[in-house]
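**Student:** Here are the chains, one letter per residue:
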Amino acid sequence: MTVLQITRIEAANLAELLRQFREVMDAADQTDPAVQRLTPDAYPDDREASQQFRELTSSDLLSRRKEDAQTVIESLGVPFEMPRTETESLEELTVTLSPEQFEAWLRSLAALRLVLASRLGVSAEDDHDEDDPRFGVYDWLGYRLEMLVQQA
Amino acid sequence: MGMSLLAAPDTREDVDLNQTVDPDRPWQTVVWNDPVNLMSYVVRVLEQYFGYPREVATRLMLSVHHEGHAVVAEGPREQMELHAQAMHDYGLWATIRKAPR
Numbered sequence: 001m002t003v004l005q006i007t008r009i010e011a012a013n014l015a016e017l018l019r020q021f022r023e024v025m026d027a028a029d030q031t032d033p034a035v036q037r038l039t040p041d042a043y044p045d046d047r048e049a050s051q052q053f054r055e056l057t058s059s060d061l062l063s064r065r066k067e068d069a070q071t072v073i074e075s076l077g078v079p080f081e082m083p084r085t086e087t088e089s090l091e092e093l094t095v096t097l098s099p100e101q102f103e104a105w106l107r108s109l110a111a112l113r114l115v116l117a118s119r120l121g122v123s124a125e126d127d128h129d130e131d132d133p134r135f136g137v138y139d140w141l142g143y144r145l146e147m148l149v150q151q152a
Numbered sequence: 001m002g003m004s005l006l007a008a009p010d011t012r013e014d015v016d017l018n019q020t021v022d023p024d025r026p027w028q029t030v031v032w033n034d035p036v037n038l039m040s041y042v043v044r045v046l047e048q049y050f051g052y053p054r055e056v057a058t059r060l061m062l063s064v065h066h067e068g069h070a071v072v073a074e075g076p077r078e079q080m081e082l083h084a085q086a087m088h089d090y091g092l093w094a095t096i097r098k099a100p101r
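These protein sequences, in sequence, are chains E and P.
Quick note on numbering: this note's numbering labels position 76 of the first sequence as 76, and the sequence is numbered without any gaps.
Quick note on numbering: this note's numbering labels position 40 of the second sequence as 40, and the sequence is numbered without any gaps.
Treat each hint with caution, since some may be false.
What the hints assert, rightly or not - Selected chain P positions facing chain E (Cβ under 8 angstroms, derived; list incomplete):
#1 Y49
#2 S63
#3 Y90
#4 T95
#5 A99
To be clear, the hints were calculated from the coordinates, so they are not data collected in a lab.
Keep in mind the model is a prediction, meaning the values are calculated, not measured.
For each residue, glycine too, the CB sits at the ideal point set by N, CA and C.
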């Protein structure tokens with residue numbers, strides 16, 4: 001069992017991100033660079049083998065990402081509303097994760113970062129536009145993921 | 001598991017008469033560097049999924065980071081496809097190839 005502390009505002013934002021993430025998985029648009037990043041070419045030098053691999057694996061893979069996202073949302077405790085006051089926002093929630101939920105958290109945070117990176121056009125480690133608030137979210141996901149890995 | 005279909009003998013194999021078949025060359029699962037995945041996370045995935053000791057997982061992660069890629073497993077093609085799929089599940093950029101000569 002893994003126990004983590006998260007403020008209500010963080011939890012609400014994470015749940016909202018995951019809801020959007022599920023929409024991207026549902027759309028499963030193979031021309032979307034974020035979807036392509038989550039289902040990379042398995043055989044970069046063999047288009048046909050890559051295509052075959054993709055046909056056999058990608059829809060299952062995207063379904064598993066959706067299930068992971070759902071697992072994380074559920075572990076946060078639904079229904080979820082955006083907190084209205086600062087006191088409410090900063091209220092600490094204690095989330096207890098089973099080993100399966102823990103893995104779903106790791107995969108989901110990593111996948112969310114990949115999707116955001118693709119939207120933000122991150123192509124190098126220090127590719128950071130300080131003025132873009134979405135980088136705040138990207139960094140926060142990294143910080144949360146790092147903390148979880150350290151807890152493992 | 002539908003995956004084994006991928007490793008079924010290629011029906012066009014007889015076209016490649018000039019290509020020598022080398023049974024000693026296994027297939028490989030290769031993980032590539034990307035600017036997004038955290039180093040600690042990659043180590044955790046390699047430890048957890050392959051059961052590698054921390055030092056091995058760390059060495060592989062460092063090869064990915066510094067050399068751009070690392071071979072994380074070798075063996076039959078079907079197995080490498082399962083490994084690659086598992087790596088994709090964790091968001092790692094993994095590919096499959098025949099071991100280079």
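**Student:** Which of the listed hints are broken here?
**Tutor:** Failing hints, ascending: 1, 2, 5.
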